[in-house]
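> Now for the letters of each chain:
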Amino acid sequence: MSTAHPATGGPRAAVFDPAALAGLAGIELRARYLMEGFLSGLHRSPAHGVSLEFSDYRPYQPGDDLRRLDWHLYARSDRLCMKRYHQDTNLSVLFLCDTSASMDYRGSGAWGSKMEVAKGIAAAMGWLMLRQNDAVGALAQEVGAAAPRYVRPAQRSSQLGVLLRHLDGLRAAGGECLEALLSNAVRLMPRRGMVVLVSDFLEPAEQYEVALKRLRHSGHECVLFQVRDRDEEEFPFEGVQTWMDSETGEVRVVDAQRAREQYLQRYAAFEAQQDRVFRGLEVTRCLVRTDRSPWDAMAQFLSERRRLR
Amino acid sequence: MSVSFLQPWFFAGLVAVGAPLWLHLRRKKPSQPRRFPTLRFLEDPPVVLPNPRRLQEWPLFVLRALALVLAVTAFAWPYFPGADEFMVKESRVYLLDNTLSHQAGGAFERMRERVAAEIRGTGREVQLAVVELGAVPRVLSALGGDKGAAAALVEGLRAGSARGSFLDGLRQSNALLSRALGERRRILFFTDGQANQWTESTGGSAFLKGVELSVFTSEWGVTGNAWVAEPEVQRVVFGEKWVVQLAVKVGRQGRVDRTQVVVSDGGRVVAKRSLDFGQGEDQRVFELQWEADPKEWVRGEVRVETTGDGLAGDDRVYFALEPVREGRVALLTKSAFVRTALSQEVMRGRWNTLVLDPAQLGKAGPLESGAEVLVVDALYLQSLEARTLVGAFLSNGCGVLLLCNKWSPVVAGALRELGLESVAVAGTGEPVPSRVRYVFSQHPVLKPFTGQDYGSLGELVIRRTHALMGRNAVPLMVSDRGEALLLENGGYPGRFFALSFGLERADSNWPLHVSFVPFVDLCLQNARPAGRIPAEAAPGDTVVMKVPEGRGAETLWIAAEGRELSRVPVVGGMARVGMPVEPGCYEVGYGTSPEVVSRVCVNGSPKESILEKGPEAGWIKGSRAEESSLVKGVHAGEGTGGREARESAARKQTWAWMFLLAAAGVLVAESLWLSVRNLWRRRIV
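Heads up: the sequence lines are chains A and B, in that order.
Each position in the first sequence, counted from 1, maps to that position plus 76 in this note's numbering.
Each position in the second sequence, counted from 1, maps to that position plus 296 in this note's numbering.
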């Protein structure tokens with residue numbers, strides 16, 4: 077897989093590397109939970125349908141389709157029961173992309189900015205989902221825009237191009253947006269599905285915790301890709317420098333060496349608190365670092381999911 | 297070598313200092329804020345700086361501090377007082393009057409010794425300058441100069457014969473003091489206190505602000521003085537003889553009743569006569585005439601020999617007359633008398649006549665043929681060509697003698713163009729004859745006629761006049777009716793004489809009078825273009841002498857008795873010559889040629905002979921120092937001499953440059969240290 081910076085390959089190449097995605101072709105992505113869908117697919121649906129896999133029985137009620145009456149059971153127990161089967165259905169996946177200004181950061185050793193990494197992950201996941209007949213959509217909350225940018229989930233063959241154009245148009249600017257993004261996702265996804273949120277999650281967890289809970293309680297599976305830069309995690313700077321916050325514009329003059337210890341402590345505390353929130357909501361979180369290839373991270377994530385199943 | 301921005305070493309030092317700074321700044325990272333998304337995890341205070349009291353890089357601090365100290369020391373070093381330096385408390389200017397009057401009774405010599413002694417007696421804390429007041433104030437020793445040398449210069453001064461201005465001397469001294477270092481600034485004026493010097497040029501405003509003026513007046517100690525001044529000589533043709541006429545002022549003061557006047561020409565005593573002053577008579581004009589060869593220079597002197605004379609410097613005056621040079625006169629007149637008077641039979645060797653044809657005026661070129669003077673009848677002014685010719689003569693510096701024998705509106709208009717107006721006379725009947733009543737006897741044209749040699753001008757009868765006047769015209773001869781008979785009209789480069797009558801028998805009997813030929817000769821001689829070199833000058837004066845273009849001379853020299861005194865360059869056909877301060881008759885020549893082209897007589901002013909003391913002028917009193925300057929300064933030791941002071945200053949400046957170079961070297965070391973450190977850190981990373 078390529079870890080080189082893909083900027084020279086044009087905007088689409090920056091987010092869509094077929095060679096890299098070929099490595100994911102043998103991996104079967106299944107949702108851990110039952111999904112609702114219109115089409116038969118690889119995901120088990122909570123709706124009982126015409127699938128070949130038996131689920132359970134229920135008492136006959138007048139009007140039921142007599143074709144699904146288990147006559148063998150009636151013969152053995154003299155009870156009229158209807159056979160129910162697990163229905164295999166397709167998955168509706170909505171990619172949420174954080175477009176706050178902090179996503180524009182690119183560290184000294186990174187192959188791209190956090191936003192570029194997020195786009196790559198979303199593109200790869202979208203390609204994968206579309207390939208297994210899942211409906212893929214996208215949602216982004218851009219700064220200053222009254223309405224979010226939304227791509228309705230669909231399973232069309234042209235959906236990948238729509239998704240990539242959507243991702244291409246995203247620009248990292250503005251401040252915190254996770255709470256609005258998640259709230260809009262709840263509103264725009266009436267059926268249960270999968271929500272893939274790609275963000276650096278540098279906003280305080282209490283700000284978006286409620287929205288995330290609401291999303292989870294609607295039955296959606298939440299997959300969180302947390303994109304971080306090595307500089308943010310290690311703060312490897314030296315000397316007295318003038319710093320400006322990417323989102324607030326606040327300027328500080330700081331001796332990096334002296335501030336590193338306290339920075340790392342605070343960073344660890346922030347991460348711990350965030351981790352507690354994510355664990356409580358049973359959401360999957362995958363950490364992606366910009367100095368490593370996102371394909372590696374995603375492959376690792378899928379492998380872990382498969383192992384967990 | 298002085299500390300100056302114009303020093304070449306300054307630029308070398310600038311490069312030495314600037315190059316490390318430039319390298320340092322070039323390596324400096326831009327101070328652009330670095331954008332970072334997790335600033336919230338940094339410390340709470342918005343601005344966190346390392347503790348400035350804790351030095352992190354000692355070597356860098358030491359190097360930078362050392363560079364700063366060295367640079368500051370370099371610039372401050374010249375101002376640190378050394379062991380041979382001291383504070384100047386007082387600045388003095390000794391102004392020594394060396395004008396002619398100060399010679400009286402040996403006053404100048406006494407004052408000179410006194411000044412020299414005072415200069416030698418001043419302490420180290422006194423800074424002094426010496427100014428000699430001659431024709432112009434001359435700085436003998438500037439402030440800060442060596443006192444011993446200044447005293448020696450004063451002792452070497454010779455009594456001068458010039459007349460200088462007290463005002464100029466004080467202004468010069470004040471200008472010197474304006475750059476003085478002392479808190480107290482003084483002018484010590486050693487003078488004879490001559491009255492006419494104090495009362496001269498008193499119109500200026502007070503300028504001695506913050507300066508004390510002390511006047512030390514010497515006593516002449518004389519009882520009387522006789523003097524001679526302002527000689528006037530000219531050649532006059534008298535029949536067949538060439539006569540030199542001399543008029544010179546002889547005066548006395550105090551107990552002098554008689555003096556002996558000795559006139560010599562070319563070393564030969566021409567006359568030696570005793571002159572008695574009458575009661576209350578302080579000044580007389582001594583006149584003398586003698587026959588002299590017209591082809592030779594007249595070089596002579598007049599001296600007075602008086603018993604009990606207090607001032608020897610004013611007892612002698614010099615005069616010179618160039619050989620007679622034949623002039624060329626253009627005649628545009630009908631007067632047969634004028635033509636006869638200027639004919640070769642009468643004026644051979646004196647005037648060469650060019651008779652103009654009125655019909656050929658447009659073609660003829662009298663100026664081109666060398667005519668110096670034009671004699672023209674007013675009658676011809678009715679012609680445009682004649683008017684043009686008159687204008688050409690006057691504008692080219694040549695002379696014109698106008699005979700106003702005709703009156704018409706056209707003539708009146710032409711005269712008006714020349715600046716002359718007719719005076720209307722009441723009664724237009726038969727003209728009434730008039731006689732000469734008043735004569736401007738001091739004018740060189742008429743002065744010879746004040747004697748009896750040429751008869752009396754009062755015998756002249758003017759039968760018909762056309763009285764003239766003009767804004768710039770000076771009447772030289774006035775009739776008994778108050779009409780100007782002879783005028784000199786100014787305002788032109790050339791000299792313009794106008795007779796208000798014609799020179800025909802019907803107009804006047806003057807053509808038959810014995811004074812006629814001399815008058816015509818003198819009038820034309822005075823109307824000739826002025827000489828290129830002035831005949832007289834004051835001692836120490838600066839005189840502008842014109843050099844003819846044809847000579848092609850690059851220098852002009854002044855000599856006395858064949859000994860060259862000075863040589864000055866000729867620029868634009870002119871030379872500015874500083875005349876000697878000693879009275880005498882000096883020769884003038886061009887380039888390398890030994891030919892004497894002119895002679896200039898240097899004589900003192902008669903004002904210097906008036907030995908009267910007067911009070912200081914009001915403007916001097918009003919400027920006595922009530923205010924004192926607060927200027928303080930450190931000055932290199934005068935007491936040790938100017939040479940040592942200069943050496944001390946040079947040593948200081950050398951040290952200053954060395955400090956500056958050392959500072960630059962330290963900055964280079966600092967840059968090297970930074971480079972090595974950064975390189976080392978990169979290798980560690």
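Simulated from the structure, these hints should not be mistaken for laboratory data.
Just so it is clear, CB atoms sit at the ideal spot from N, CA and C, and this is done for glycine as well.
Please note that a few of the clues may not be correct.
[Said to hold, decoys possible] In silico contact screen, one side only, chain B against chain A (beta carbon under 10 Å); selected entries:
| hint | residue |
| --- | --- |
| 1 | P329 |
| 2 | L335 |
| 3 | A946 |
[Claimed, not checked] Ranges of calculated distance between the beta carbons of each label pair, as one might list FRET restraints:
| hint | chain 1 | residue 1 | chain 2 | residue 2 | range |
| --- | --- | --- | --- | --- | --- |
| 4 | B | W951 | A | E326 | 35 to 43 Å |
| 5 | B | K385 | A | T318 | 15 to 23 Å |
| 6 | B | A372 | A | Q333 | 37 to 45 Å |
| 7 | A | T318 | B | R360 | 46 to 54 Å |
| 8 | A | G220 | B | F371 | 53 to 61 Å |
| 9 | B | R360 | A | A221 | 50 to 58 Å |
| 10 | A | Q333 | B | F371 | 50 to 58 Å |
[Unchecked claim] Which bits of chain A does chain B cover? Going by a derived footprint, with three or more residues having C-beta under 8 Å, they are:
| hint | segment |
| --- | --- |
| 11 | 201-207 |
| 12 | 315-329 |
| 13 | 342-353 |
> Take the hints in turn and mark each one as holding or not.
To see whether the hints hold, each was checked on the structure:
1. Residue-level restraint check for B/P329 holds (minimum Cβ-Cβ distance to chain A is 4 Å; threshold 10 Å).
2. Of the supplied interface hints, the one on B/L335 holds, with its beta-carbon coming within about 4 Å of a beta-carbon of chain A, less than 10 Å.
3. Taking 10 Å as the C-beta contact cut-off toward chain A, the hint placing B/A946 at the interface is violated, the least distance being around 47 Å.
4. For B/W951 and A/E326, the Cβ-Cβ distance of about 53 Å falls outside the hinted range of 35 to 43 Å, so the restraint is violated.
5. Between B/K385 and A/T318 the Cβ separation comes to about 57 Å, which falls outside the hinted range of 15 to 23 Å.
6. B/A372 and A/Q333 have their C-beta atoms about 39 Å apart, which keeps the hinted 37 to 45 Å range intact.
7. For the pair A/T318 and B/R360, the supplied restraint of 46 to 54 Å is violated, since their beta-carbon distance comes to about 22 Å.
8. The hinted window of 53 to 61 Å between A/G220 and B/F371 holds, with their beta carbons roughly 58 Å apart.
9. The supplied range of 50 to 58 Å is met by B/R360 and A/A221, whose beta-carbon atoms lie about 53 Å from each other.
10. As the Cβ distance of A/Q333 to B/F371 is approximately 38 Å, the hint placing it in 50 to 58 Å is violated.
11. Counting residues of the segment 201-207 of chain A whose C-beta sits closer than 8 Å to any C-beta of chain B gives 0, which falls short of three, so the coverage hint is violated.
12. Residues of the segment 315-329 of chain A with a Cβ under 8 Å from some Cβ of chain B number 13, which satisfies the need for three, so the listed coverage holds.
13. Restraint check on the segment 342-353 of chain A versus chain B: 3 residues with Cβ-Cβ distances below 8 Å, three needed, restraint holds.
Checked against the numbered hints above, the structure violates hints 3, 4, 5, 7, 10 and 11; every other hint is satisfied.
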